[in-house]
Structure formats: C-alpha cells, structure tokens
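Undergrad: With the hints in hand, could you dock these two chains into one complex?
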Amino acid sequence: DTEVTQTPKHLVMGMTNKKSLKCEQHMGHRAMYWYKQKAKKPPELMFVYSYEKLSINESVPSRFSPECPNSSLLNLHLHALQPEDSALYLCASSQADSRNGYTFGSGTRLTVV
Amino acid sequence: AQSVSQHNHHVILSEAASLELGCNYSYGGTVNLFWYVQYPGQHLQLLLKYFSGDPLVKGIKGFEAEFIKSKFSFNLRKPSVQWSDTAEYFCAVNPTSGTYKYIFGTGTRLKVLA
Chain A
1 DTEVTQTPKH LVMGMTNKKS LKCEQHMGHR AMYWYKQKAK KPPELMFVYS
51 YEKLSINESV PSRFSPECPN SSLLNLHLHA LQPEDSALYL CASSQADSRN
101 GYTFGSGTRL TVV
Chain B
1001 AQSVSQHNHH VILSEAASLE LGCNYSYGGT VNLFWYVQYP GQHLQLLLKY
1051 FSGDPLVKGI KGFEAEFIKS KFSFNLRKPS VQWSDTAEYF CAVNPTSGTY
1101 KYIFGTGTRL KVLA
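For the protein sequence lines, the chains are A and B, in the order given. The first sequence stops at residue 113 when you use the working numbering, and every number in between is there. The second sequence stops at residue 1114 when you use the working numbering, and every number in between is there.
Only chain B is shown next, with the shape it has when bound in the complex (with noise of 0.2 Å):
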C-alpha cells in the first residue's frame, strides 16, 4: 500500500537552529512531491512542491526540499528558523498515474522557542 512516512513527530528548537525534517514515501511510479504547512488556527498552505527537474526546490519563507529519487525522500530544511515557524508540516505525495489522490504524512509538529 502506498504511505508516507515523517519520522519526527514533534521538534523543539531554537530560534536561530537549523531544521531538517524527514519524509520518505512508498511508491514505485512516479510521483509529485509536496510540503504543507498549517499554522496553529489556519489552513493548510503549500510550502513548496516537486515534479521534475531540479531535485533541489526552493519554497515560501526560505524552506527548501531535495528529492532522493534512491532514497524515495524529500526532506524539508531551513537553515535558521524563526519562531513564527511555529506550525505543523505535513508531507504528500501525489502519484502521477492519472490520479488526484494525495497521500499526506502523519505531521510533524514544530514548535520553536524564542
């Protein structure tokens, strides 16, 4: 069965600290790759989203993704939270054989302290 893995569930840091937060996939096809955020009493927003080339992706507020097509990951990073950052992140994964389907991750609640 097709699942999405993010191995941190909760991540306390530092304002200032870098962040890497895990995600890895089971899917043999290929697939579209997203990172959503939802700030504490807001909507989902998207972060940033692969679908081919480059595999390293830029996204809003300065996270950024890679794709390890080997590794079936794509890990989000910032190097220097801010404790407006403060949400949780959730990853998803959209095959791309004629489905609209996304598969989100379980979250990760991000919690950083000024």
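Just chain A, with the same shape it has in the complex (with noise of 0.2 Å):
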C-alpha cells in the first residue's frame, strides 16, 4: 500500500458545528502531516506529528486540534471554523527521514458556511 488515504473528500459545516477530518496510512511511515491548501497558493504547514507526538504547530488557531492515535493514523479534529476557513485540507506521510520527500493524500475540500 503506497497511499495516504483521506475521508471525507468533500465538506461542508456551518460555523457551529464539529466535525473530523480523517488520514490513513500503511506504508510504515512515521511522520505525518496536516497542510492548508487555498485556491491557487501553496499548501501551508499546520502540524508536524512524529513518532505519535506532536512536533510542529505552526501557530494554528485552537479550532483546529489534530490527534495520532497511533502511527497509522491522524485527524484533525474542527470545531467553530469562520468561512476563511474553507480550503482543501491536505494529509501527507514520510518516512521519519523526511528527505526521501512526501506521500500526499487527495486532500479533503471543506467548505464552511
């Protein structure tokens, strides 16, 4: 298995609600990722997991909280988002030698209203 697999694809939630966005993956890896993607910008770091713990917080608002359950597996968890917030959310993996590169999942599109 080579993919990082992200759920849902799409999203939409009101500014009260709560909902999870879900990444996966088999390939061993121990370092996974959350990256913001806007329309036509670069994916922006928002969290570093590795090895479970949380390495890297890039400053991100306490409405979103991420969670490694275990080493295959990483969520972000949403609550009271602003619709700024809409944007593709982006998981990716790697070894924990970071510089063989990434594995990037297809990104769940939310939309918040």
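It cannot be assumed that every hint is accurate.
[Said to hold, decoys possible] Residues of chain A placed beyond 12 Å of chain B at every Cβ, according to the derived structure:
hint : residue
1    : P8
2    : S20
3    : K22
4    : E24
5    : S62
6    : L73
7    : P83
8    : D85
9    : V112
10   : V113
[Stated by the list, open to error] Distance condition first, Cα-Cα at most 16 Å in a straight line; then the derived EDC-like pairs of lysine to aspartate or glutamate:
hint : chain 1 : residue 1 : chain 2 : residue 2
11   : A       : K38       : B       : E1088
12   : B       : K1061     : B       : E1020
13   : B       : K1049     : A       : D97
14   : B       : K1101     : A       : E44
15   : A       : K36       : A       : E84
It should be emphasised that the hints constitute simulated quantities derived from the structure, not laboratory data. Note that CB positions come from ideal geometry on N, CA and C, so glycine has one too.
TA: See the structure below:
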C-alpha cells in the first residue's frame, strides 16, 4: 500500500458544527502532516507529528485540533470554524528521514458556511 | 526568514517545446530539495528530489533538475513537453537541521497546448 487515504473528500459544515477529518497510511511512515491549501496557493504547514507526538504546530488557531491515535492514523478535529477556513486540507506522511519526500493524500475540500 | 521563490507563475508552451521552471531559496544551511506536481483534480505527487551527490537529478516522466549551490537554485527542466504535462508545479525546500518542515514555493501553472 503506497497511498495516503483521506476522508471525507468533501465536507460542508456550519460555523457551530464539530467535525473531524481523517487520514490513514500503511507505509510504516513515522511522520505525518496536515497542510492547508487555498486556491492557487502553495500548501501551508499546520501540524507535524513525529512518532505519534506533536512536533510542530505552526501557530494554528485552537479551533483546529490534531490527534494521532497511532502510527497509521491522523485526525484533525474542527470546531467553530470561520468561512475563511474553507480550503483543501491535505494530509501527508513521510519516513522518519523526511529527505525522501512526502506522500500526499488527495485532500478534503472543506467549505464553512 | 526562509523562503522559496518560483519566478514563473504561469507558463504556456506548445507540445515538444523545452521547459525550464525556476526555483530559488533563501536558507544558509544544508537543504533537501524537491519538485512536486499537481495535475488538475489530483493530489500532489513527488517528481524528483535532491539531498546529496550528483547535482543533476532525474525524476519521473522525463523531468530533471539541477542544484546549483552557489545560486541557491534548483531549476526543473524537460527537453520536450507533452499536453499531459499540464499541471501546477511546486518547488519545496526542507532544511536538514532536524526539522520535518517543508517550505513550498508559490507554484508555477503550466499549460501545454496540443
């Protein structure tokens, strides 16, 4: 298995809703990432987990809450989002030695209404 | 601050034309370098990578890139593009100083005319 699987592919949520994005990989990668990508912009790093521990938080608002239950799974819990949070949320994984590059998932396209 | 610059935001070429996309980075230490491609409606895929050795690296689909340390550059090339190369191309830099963080350039949108 050489894929990163993200669910759901599309999500529409209200500003008072609570939802979660899920990401799964079975490549034995020990680093997992959440990126946010707005239209026609490069991906922006949100969080990095290394060996299931949060190692980087790029000053992301607390309405985004990451969780890494085990080495194969990464969640992003969403609560009280704003319309400007609408974007493509990308999950990626890499070996512990990140110089081999990331494997990206297809993303979850999130719309906040 | 660390940054990655891609000078060409939009490039339009005819099939069989040669391609060169520029990428420059600002970081004083050792880096790992990457080019990613995002085809319309698809996820980001790794085209090629450099972390040591021969500064001319070859990737998938006939792409290659050359690392010029003195110019802090990692330009992407392809001798003859195809219509199927229409996509967005991102350069990315990963400082080797113990961080997993990648810094992406702003991307170059390539359109190849059949």
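Undergrad: Would you mind marking each hint as holding or not holding in the structure?
TA: Against the structure, the hints come out as follows:
| no. | hint | verdict |
| --- | --- | --- |
| 1 | P8 | 15 Å, holds |
| 2 | S20 | 20 Å, holds |
| 3 | K22 | 16 Å, holds |
| 4 | E24 | 14 Å, holds |
| 5 | S62 | 21 Å, holds |
| 6 | L73 | 18 Å, holds |
| 7 | P83 | 23 Å, holds |
| 8 | D85 | 19 Å, holds |
| 9 | V112 | 22 Å, holds |
| 10 | V113 | 23 Å, holds |
| 11 | A/K38 to B/E1088 | 14 Å, holds |
| 12 | B/K1061 to B/E1020 | 15 Å, holds |
| 13 | B/K1049 to A/D97 | 13 Å, holds |
| 14 | B/K1101 to A/E44 | 10 Å, holds |
| 15 | A/K36 to A/E84 | 12 Å, holds |
Checked against the numbered hints above, the structure breaks none of them.
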